[in-house]
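Line order of the protein sequences matches chains A and B.
Taking the UniProt record's numbering, I'd label the letters of the first sequence as residues 1 to 312.
Taking the UniProt record's numbering, I'd label the letters of the second sequence as residues 1 to 312.
Because the hints were derived from the structure by calculation, they are not lab data.
There may be inaccurate statements among the hints.
For identical chains, the list gives no copy identity; a pair is met inside one copy or between any two copies.
[What the hints assert, rightly or not] Here are the simulated DSSO-like pairs of lysine-lysine, each with C-alpha atoms no more than 30 angstroms apart in a straight line: (1) Lys197 with Lys52; (2) Lys3 with Lys47; (3) Lys288 with Lys120; (4) Lys120 with Lys197; (5) Lys87 with Lys47; (6) Lys245 with Lys54; (7) Lys120 with Lys249; (8) Lys61 with Lys197; (9) Lys249 with Lys52.
There are 2 protein chains.
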Amino acid sequence: MQKVTAFAPATVANVSCGFDILGFAVDDLGDKVTVSLSGNPGIRVTKIEGDKGKLPYEADKNTCGVAIHAMLEQMDFEGGLEIELYKGLPLGSGMGSSAASAVAALVAVNRLLGNPFEKKELLPFAIEAERIACGAGHADNVSPALLGGFVLIRDYHPLDVIPLNVPRGLYCTLVHPHLVLNTSDSRSVLRRNVSLKDATTQSGNIAGLVAGLFQEDMSLISRSLNDVIAEPSRSVLIPGYDEVKEAIKAAGALGCGISGSGPTIFILSPNEEIAWEVSRLSQQVFEKIGLPIDLYVSAINTRGAYIIEEEQ
Amino acid sequence: MQKVTAFAPATVANVSCGFDILGFAVDDLGDKVTVSLSGNPGIRVTKIEGDKGKLPYEADKNTCGVAIHAMLEQMDFEGGLEIELYKGLPLGSGMGSSAASAVAALVAVNRLLGNPFEKKELLPFAIEAERIACGAGHADNVSPALLGGFVLIRDYHPLDVIPLNVPRGLYCTLVHPHLVLNTSDSRSVLRRNVSLKDATTQSGNIAGLVAGLFQEDMSLISRSLNDVIAEPSRSVLIPGYDEVKEAIKAAGALGCGISGSGPTIFILSPNEEIAWEVSRLSQQVFEKIGLPIDLYVSAINTRGAYIIEEEQ
């Protein structure tokens, strides 16, 4: 193999009551990374498209380069790699842009080098890349980007990543308002302490959400999609959030939340028809506000990242 | 029908990381209630056995009487009922003693009167009885006592009670040290606020526990049985707790916790053999301390309360 291209999907982290512990992957929307063997040792980023010139070419600053470097440290590989990154995801949107790039790069390199690692074993390398990109080694985007579906991050010490069931029919709408939220700002609005009552409510809801996913009980999923910890402080940073939330519930969506640390809003629906309807309703809300948005309607991705092209 | 006897099982509430939201029922151990039609209108408690004279005969103070009164308020019933209560559960042990009495009474009366309610519809009446017995209308003992298995109490407004899966082979050991813990004391040691970090850890663990129950993944259940909110403050009230916890983990048990507000310790095991072994180890710990205990080893009850005798 001389050249491999892999795709990794957009992901939603901080899934409502699953704040900091639950993420899921969406279909189609994502990043592509092409990796080629090179005669010159070392990792080089040779092309980046779709980033409007914002991402660094230095391999030790680029999320793809950092992930691959972490991987190669666990192997005997003395050769060279050239990386081309094709961004399908907007940066800083809360849709797991850095995670998708890192995961696509890892999946491509793993195949290029003859699959020295099981898919799940690539996770720690992707987490290293998140540490560079986000300032913290979160696993709630990279895990679903790699594995697909809903993934619970139960613990980090040691890492305990648990794929959950994906109910048939579940659809996602992503509403990306064109405004910039800094991840660290978004984190600073969170309270450091929560009441025992709120902690218990959140526990009840995440337990209900996990049960609803396994039982494929759309009503239970809907009743459980309620975040009393992060959403109250974070949603005020997103104009239109409350209006969207009200409109989509009336239209039969299961619920919504802030994707990652925002500003993207994710909406879960019990079928594709409602997912398109709430897309239309969200458009109306933001037209009134006068804020441009991008809209994506997608099934839940259940296979995670995958190879799309190989050249001998 | 003139006379019906029902059984309701002991229950474990506050199941580790499921503090305040999760309970389960055990087999065999429980209370029996016999209810008979009477020519004299009103509810009368005519016999109580096994309570060492501690429970009140006044129907408006007795958990059975209160539960039945709440039920009859929703019906047209002008007759009289006589109640006999046979306590199999020790009072104030944290094994859902008041819940078992209330639930057994409700199931018996419901049958006696021709099943005017579905089983699940009896829950609000049992919660009323808990309000009298415990000072708060908790549902985490009465729900598993009535329905069996593991039951999640996602919310109270409105009541949202979700039966979960019970993995095959799961066994419970109950260790009841002979010491008296007052429920309100046990509650007062809880902090009113918890760190965001602890709240997130608890959420991850309850999500893992629910996933483990559905996936019948004993290892995941074990990794998730970790309560960072209530156990650290409450376990200091129970001498021997830490020693039991250490001993049972080494013997292959999945984990342990404080049953309800204590002092009973529950231990979950992946099979009956280990459940007996940890029973023996717990005995050793409390012998060293010099504190008498009662021990019970039981499968998880999956059918809840049931009728054991009827007389025409």
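The hints, checked one at a time:
1. Taking CA atoms no more than 30 angstroms apart as the test, Lys197 paired with Lys52 passes in neither setting, with 45 angstroms inside one copy and 36 angstroms between copies.
2. Taking the shortest Cα distances, Lys3 and Lys47 sit within 30 angstroms of each other inside one copy (14 angstroms), while across copies they are farther apart (83 angstroms).
3. Taking identical chains as interchangeable, the C-alpha atoms of Lys288 and Lys120 are never at most 30 angstroms apart, the minima being 44 angstroms within one chain and 46 angstroms between chains.
4. In this assembly of identical chains, the alpha carbons of Lys120 and Lys197 lie at most 30 angstroms apart only when taken from different copies (26 angstroms versus 36 angstroms within one copy).
5. In this assembly of identical chains, the alpha carbons of Lys87 and Lys47 lie at most 30 angstroms apart only when taken from the same copy (11 angstroms versus 76 angstroms across copies).
6. In the homo-oligomer, the alpha carbons of Lys245 and Lys54 never lie at most 30 angstroms apart, since the shortest distance is 32 angstroms inside one protomer and 53 angstroms across protomers.
7. For a Cα distance limit of 30 angstroms, the shortest separation of Lys120 from Lys249 across copies, 28 angstroms, qualifies, whereas the shortest one inside one copy, 36 angstroms, does not.
8. Within a single copy, Lys61 and Lys197 get their C-alpha atoms only as close as 42 angstroms, which misses the 30 angstroms cut-off; across copies the closest is 29 angstroms, which meets it.
9. Taking CA atoms no more than 30 angstroms apart as the test, Lys249 paired with Lys52 passes in neither setting, with 36 angstroms inside one copy and 55 angstroms between copies.
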